[in-house]
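There are 2 protein chains.
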Amino acid sequence: MSSQLHLNAFLMGVGHHEAAWRHPRTDARNVLRAGYFQELARIAERGKLDSVFFADLLSVGSRIERNTQTTFEPITLLSAMAVATEHIGLIATASTGYNEPYNLARSLASLDRISGGRAGWNIVTSVGADEAANFGYAELPDHAGRYRRAGEFVEVATALWDSWEPDAVVLDAATGIFADPDKVHTVDHVGERFTVRGPLNVPSSAQGRPLLVQAGSSESGKDFAGRWAEAVFTAQRSIPEGQDFYRDVKARAVAAGRDQDEVKILPGIVPFIAESEAAGRRLEREFTELISPEYALRQLSQMVGVDLTGYPLDAPLPPLPPLEKIQGNKSRYQLVKDLASRESLTIGDLIAELGGGRGHRTVAGTPEQIADDLQRWFEAGAADGFNVMPPYLPGGLTDFVDQVVPILQARGLFRTDYTETTLRGHYGLRPHIGRYARVVAGVGG
Amino acid sequence: MSSQLHLNAFLMGVGHHEAAWRHPRTDARNVLRAGYFQELARIAERGKLDSVFFADLLSVGSRIERNTQTTFEPITLLSAMAVATEHIGLIATASTGYNEPYNLARSLASLDRISGGRAGWNIVTSVGADEAANFGYAELPDHAGRYRRAGEFVEVATALWDSWEPDAVVLDAATGIFADPDKVHTVDHVGERFTVRGPLNVPSSAQGRPLLVQAGSSESGKDFAGRWAEAVFTAQRSIPEGQDFYRDVKARAVAAGRDQDEVKILPGIVPFIAESEAAGRRLEREFTELISPEYALRQLSQMVGVDLTGYPLDAPLPPLPPLEKIQGNKSRYQLVKDLASRESLTIGDLIAELGGGRGHRTVAGTPEQIADDLQRWFEAGAADGFNVMPPYLPGGLTDFVDQVVPILQARGLFRTDYTETTLRGHYGLRPHIGRYARVVAGVGG
Ligand SMILES: Cc1cc2nc3c(=O)[nH]c(=O)nc-3n(C[C@H](O)[C@H](O)[C@H](O)COP(=O)(O)O)c2cc1C
Ligand SMILES: Cc1cc2nc3c(=O)[nH]c(=O)nc-3n(C[C@H](O)[C@H](O)[C@H](O)COP(=O)(O)O)c2cc1C
Chain A
306 MSSQLHLNAF
316 LMGVGHHEAA
326 WRHPRTDARN
336 VLRAGYFQEL
346 ARIAERGKLD
356 SVFFADLLSV
366 GSRIERNTQT
376 TFEPITLLSA
386 MAVATEHIGL
396 IATASTGYNE
406 PYNLARSLAS
416 LDRISGGRAG
426 WNIVTSVGAD
436 EAANFGYAEL
446 PDHAGRYRRA
456 GEFVEVATAL
466 WDSWEPDAVV
476 LDAATGIFAD
486 PDKVHTVDHV
496 GERFTVRGPL
506 NVPSSAQGRP
516 LLVQAGSSES
526 GKDFAGRWAE
536 AVFTAQRSIP
546 EGQDFYRDVK
556 ARAVAAGRDQ
566 DEVKILPGIV
576 PFIAESEAAG
586 RRLEREFTEL
596 ISPEYALRQL
606 SQMVGVDLTG
616 YPLDAPLPPL
626 PPLEKIQGNK
636 SRYQLVKDLA
646 SRESLTIGDL
656 IAELGGGRGH
666 RTVAGTPEQI
676 ADDLQRWFEA
686 GAADGFNVMP
696 PYLPGGLTDF
706 VDQVVPILQA
716 RGLFRTDYTE
726 TTLRGHYGLR
736 PHIGRYARVV
746 AGVGG
Chain B
306 MSSQLHLNAF
316 LMGVGHHEAA
326 WRHPRTDARN
336 VLRAGYFQEL
346 ARIAERGKLD
356 SVFFADLLSV
366 GSRIERNTQT
376 TFEPITLLSA
386 MAVATEHIGL
396 IATASTGYNE
406 PYNLARSLAS
416 LDRISGGRAG
426 WNIVTSVGAD
436 EAANFGYAEL
446 PDHAGRYRRA
456 GEFVEVATAL
466 WDSWEPDAVV
476 LDAATGIFAD
486 PDKVHTVDHV
496 GERFTVRGPL
506 NVPSSAQGRP
516 LLVQAGSSES
526 GKDFAGRWAE
536 AVFTAQRSIP
546 EGQDFYRDVK
556 ARAVAAGRDQ
566 DEVKILPGIV
576 PFIAESEAAG
586 RRLEREFTEL
596 ISPEYALRQL
606 SQMVGVDLTG
616 YPLDAPLPPL
626 PPLEKIQGNK
636 SRYQLVKDLA
646 SRESLTIGDL
656 IAELGGGRGH
666 RTVAGTPEQI
676 ADDLQRWFEA
686 GAADGFNVMP
696 PYLPGGLTDF
706 VDQVVPILQA
716 RGLFRTDYTE
726 TTLRGHYGLR
736 PHIGRYARVV
746 AGVGG
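Going line by line, the protein sequences match chains A and B. Counting from 306, one number per residue, gives the positions in the first sequence under my numbering. Counting from 306, one number per residue, gives the positions in the second sequence under my numbering.
Keep in mind that the hints were calculated from the coordinates and are not lab data. A few of these clues could be false.
What the hints assert, rightly or not - Distance ranges between label pairs, derived from CB positions:
#, chain 1, residue 1, chain 2, residue 2, range
1, B, Glu648, A, Arg347, 55 to 61 Å
2, B, Ala434, A, Asp485, 20 to 26 Å
3, A, Asp485, B, Glu648, 37 to 43 Å
4, A, Arg498, B, Gln680, 51 to 57 Å
5, A, Arg347, B, Gln309, 36 to 42 Å
6, B, Asp332, A, Asp677, 49 to 55 Å
C-beta atoms are modelled at their ideal positions from N, C-alpha and C, and glycine is treated no differently.
Input sequences plus hints: build the corresponding full structure.
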């Protein structure tokens, strides 16, 4: 554990709260404006945050009527944000299920070069049947198969990123040489699902390759994180749970032969920031009251794998299917199930509780209280940093940057200025060197 | 034919000439800088050009040692250029061979929204075996199969772009409605190669959908252009040849039920601009002398389908394989073959002749002479406009914009300011309305 924590701003539409876009503090039309997202990146950069991040889905899902998330593809949008900023990291979610490794590795490498080494990839396997239907699948591929494909996909992508050694480009006009062919390698991958010769057609960036991020919390998900992830987003409700998860993923990283500091654990937090705790709770309630129960019921139905349409809001959840039957997001299912039984919540309670961050922890209070909370988690070894999920935007981000960050800085818990130029650097990692360069330099096998 | 011509700037590395990056007028390091490409877009916009365009390959090809083309993926790069400009169109090449229609349609739609309706797609089937090898193919899929796939691909992509009617997004905070579900349609495509449910998860842009561009000149390529293309890039060596091609593609458009004005024909031109014709020729020669014969021989070998390594430069071409054997770029093969026999060129002559624009027409002279040349082609009905391929960058583009464009404007042949906001608008096309909206409005079937 380092002495300073890391902060990622998870950007979503006009805020993470279910009903954000109906609240007067937001302007829903912003979701259609690239300039708005550039402005969010600049706000986060003003706060010296490590990175901004977009989730992604390959379908409209159930969100045509009621939500405002899917208006841009993340990599193209982050490219526009890259040229509006200088320091902040830019993390795109992209699916291993429905891309070709060559294409995705290349788009991310291109973003990485455009941004000067600030790109990251949140690796997801995609859990929606409606996504599968856009790519020729009659149903969602099963959980184990998705993670097998993800493993092979990341092997190919990382090999492609290594295919250009850091000093391969020579650009020697006198001899006419662009790159040294001895430093550009084919990858010659022949696997179960992919056959890819390489090399990639984008030279490596200042950070060597994009930062690898992951957010699956199932057993396979955590194994995958231990093997590959350099940052992990996760929904954790309490410090003891957070500590368990933290130790668990770090142990898997060590078991995979990595140093435990090479993977940063970032639980989510949805902060309602106000001048008093009571005002924070009032603000949260204002948002809760704007939730459309009908739409929220549909969302909850998806999480628990039971169609809840028509159920009364004051009733408890009906019996749920066993975990093995859940082909989608297993860990979110478990979280909701545990929460409902532990706190004896009705369906209506659950909807309010999940409204802020779909299961992520909501904290309402003064900037000091938020900072105290983050410090507690950090010092308890439950987090290396946080995935900050502003309930409404841009206000919730502006308040965090202008009111919470300065407190963390005053306490020595957060950088007061950028000291590194790349995303890997912000997260305390060295530039990635690549397998071929390592051999040549004799640093390892 | 309209009374004004269209101009596209085909951007490639530090210029189209084979040896551009060895010439003192260029700085080869620019190919690694996104800011350089933003600057090129701003120069083109200063000249009120219709669009800028990037070619693309899904491999490093033979270009690791000797060339500087493949440093960014076009769509991500154009996104960075979109936010540095306000008017100019942004055309990305992307392959129908090695993408999923949902992903590509989405990235282009995202670029289209980021740019406010300025995106275009140069549709290619990809002709390299080294590209195929990055996507699991042991060899290049055959020509006919590639065009069949392209046809189905474009059907799916255009259906996805139509899936959001222009007024589908309502963003009504009071009722909680983001989009009107009756105006967002599934596409339910079930075809030979693709099964895609839709809808797309990006609403339609100000121009309805990206401009469709095409550059294949084989029979299947021209049929495809007639059916789909709104702009066609082509290599034509003389006005009579240009007229034939022009009439041919327009006739195919009409045969496909379209208006002949719906497809603009843009032959390529590589202009060496100088204060006199002699100075223009001297400048061209400077570049020719910097060509690496070894590398140029490899390029020529690819074009003609024969390995010419070791052949003397002063010898004529050996007998070439018949057209049917060429699985790659058939029209470029034909062009080179005709050129060599018609003008009795040696291999060395061919290398010099092709060095400027790989078969595209080179013109050296004063700004007036270049303008005269363009006017002649335009008024002879051999072109609706031109694909301007500066031999070196940025100088060759700056000279064109500052010296040739004003002459065309003074003659009434080119716009003096943008009158439209979208790429389709620049090319004289109305916003695309989409199949569903048409039915509702009763404008057609
Ligand atoms: C903060 C956070 C963000 C996530 N973002 C995405 C996303 O954008 N797209 C997606 O398909 N899944 C997303 N997920 C879900 C997971 O990455 C993962 O796909 C899912 O949990 C299923 O994996 P599991 O069964 O291993 O938990 C996210 C999860 C978390 C905690
Ligand atoms: C100006 C111009 C630009 C082209 N750009 C590309 C390109 O970027 N990528 C590509 O694969 N083919 C490119 N081509 C080739 C064609 O689009 C097409 O794929 C090729 O000619 C094979 O089709 P054909 O056999 O129908 O001619 C280009 C052609 C021209 C004239």
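Results of checking the hints against the structure:
no.	hint	result
1	B:Glu648 to A:Arg347: 55 to 61 Å	holds, 57 Å
2	B:Ala434 to A:Asp485: 20 to 26 Å	holds, 24 Å
3	A:Asp485 to B:Glu648: 37 to 43 Å	holds, 38 Å
4	A:Arg498 to B:Gln680: 51 to 57 Å	holds, 55 Å
5	A:Arg347 to B:Gln309: 36 to 42 Å	holds, 40 Å
6	B:Asp332 to A:Asp677: 49 to 55 Å	holds, 53 Å
This entry satisfies every hint, going by the numbered hints stated previously.
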